[in-house]
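Whole structure, please, built from the sequences with the hints as guidance.
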Amino acid sequence: MLTLEDSRLTVDDLIAWLVRFDEQIVEHAERLTELDSAIGDADHGTNMARGTAAVRLRLTEARPDDAGAVLKSCGMTLVSTVGGASGSLYGTLFLEMAKRVGAASELDTTVFADAFRAGVAGVVARGRAEPGDKTMIDALQPTVDALSTAAAGGVPLTKSLQAAAAAAAAGRDATIPLVARRGRASYLGDRSADHLDPGATSAALLVQSLADSHAERVR
Amino acid sequence: MKKLINSPATVLADALNGVAAAHHELAVDFANRVVSRGAAVKQGKVALISGGGSGHEPLHSGFVGLGMLDAACAGEVFTSPTPDQMLAATMTVNAGAGVLYIVKNYTGDVLNFEMAAELAEADGVQVKSVLVADDVAVEDSTWTAGRRGVGTTVLVEKIAGAAAEEGRDLDAVHALATRVSENGRSMGVALTSATLPAVGKPSFDLPEDEIEMGVGIHGEPGRKRVPLRPASEIAEELVSSILSDHDFSGAPVIAMLSGLGGTPLIELYAIYGDVAALLEQRGITVARALVGDYITSLDMAGCSLTLLRADEEMLRLWDAPVSTAALRWGA
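Top to bottom, those sequences are chains B and D. So in this note's numbering, spot 37 of the first sequence is number 37, and the numbers just go up one at a time. So in this note's numbering, spot 116 of the second sequence is number 116, and the numbers just go up one at a time.
Calculated from the structure, these hints are not laboratory results. It cannot be assumed that every hint is accurate.
[Said to hold, decoys possible] Listed below are the simulated EDC-like cross-link pairs for lysine to aspartate or glutamate, each with C-alpha atoms no more than 20 Å apart in a straight line: (1) D:Lys201 x B:Glu34; (2) B:Lys72 x D:Glu114; (3) B:Lys99 x D:Glu118; (4) D:Lys201 x B:Glu30.
Structure (structure tokens):
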């Protein structure tokens, strides 16, 4: 049975998402670092884990009052704890989302899709990467598209998020044959092909975490 | 992994602690991981700030002091520092004449310094940035993140630092720093990979009898992997790669041969002798030379060569007094 909660993301849903993201990053940290050592500098898992742990601590110590405050706190914390390109890019994703949702206490599919689109646009602007450059954008842009399609079609939130997670995973997997054009992997040239992109992998975990944590909460 | 550390997680904090213990003239902000000059800021002097991932020491904290940087921000090993660190450094050393950020061209450093500049400007501090992108090993800079910033950074910090000390304004210091950055070129070679404390094993596999020509300071791949060869042949490759990328004729040149952290000074001098001979053969005048560990890559064995097409002004500023942990003369 569809409950009322399956149409909106509350402050607690957002916090549950980011706690789940931390769990997923911790679980996959070693793998992310391994992927990064193949085409980058072997620190993506370590850096992300430091950041998501700090986000989790901050959000669970003092629960923000509205959705914008959750997203802003997450963004600021990632910027100041992750470091590297990932910190500023993940931070920008959340800070831009926060700007878009403002003081709303709940986000429906349309508002969330719109906020996520603004967040990803911020990442594109800051990182100057496009789809196909073998970066986190390759998982995030398909997420934006899936969320918009779901929102336009009136799909329930849980299903929308599952579709988004599937799109992110497909985008992540599609980075394997790509030649990197941005970030440290780009120095490898053709040698960067046949590797999964670590940034797209952590971005897919971010979307999967939301789909999973929300599915559990409305069950 | 055999390292002189207490634990991978505390290596940066422990190192900053050591910097504070060894150099009482410096101020170490442990919370923000910022090393700055201990003395009161000289009102009206343009402040110079650099920073980057740790593991390249003495870059950057070793170059904080009279005649060079005002502050350095230390990131985690091989990871850019964050905007809040840079903002803290900015607020500490801003003396009312604006701040110059010296940024090595890596995606993380560029993005974080950009965010910091936006925040500082929102707080009313005038900020200009100079980007160092001098690694000639990156041939295709259109379809990559661009040339990496390596050894020329040290020369920018020294020369722009001296200009700031003379009391030039932000535009003048920025213009000079840009000129140095544009006229410097570098290339490195790795004999072994570096091992990050947090990872515990070499970042890349390099067979015993091979070297990576054109390696980056985080172990980024270079132009090619070739069999190990005598220092004179490696010198030839470095010199010709750099000379074919920029015109160094008819100008005084500042040369820096830096170790990557795991190569003894005797080997650095041995290869520098070959470099100097090659430059002389090609009619290049080396006016000043620096040999030692100045921009490193943890325990990587190998070296990098940096050449700067200088002029009389740059030479004069190069000779100006400097008093930092890693570079000290005339002061």
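Evaluated hints:
Taking the CA atoms of Lys201 (chain D) and Glu34 (chain B), the gap is near 11 Å; set against the 20 Å cutoff, the hint holds. Distance restraint check for Lys72 (chain B) and Glu114 (chain D): the Cα-Cα separation of roughly 19 Å lies within the 20 Å cut-off, and the hinted pair is therefore satisfied. With a CA separation close to 17 Å, the supplied pair Lys99 (chain B) and Glu118 (chain D) stays within the 20 Å bound. Between Lys201 (chain D) and Glu30 (chain B), the direct Cα distance comes to roughly 13 Å. Compliance with the 20 Å bound is thereby established for this hinted pair.
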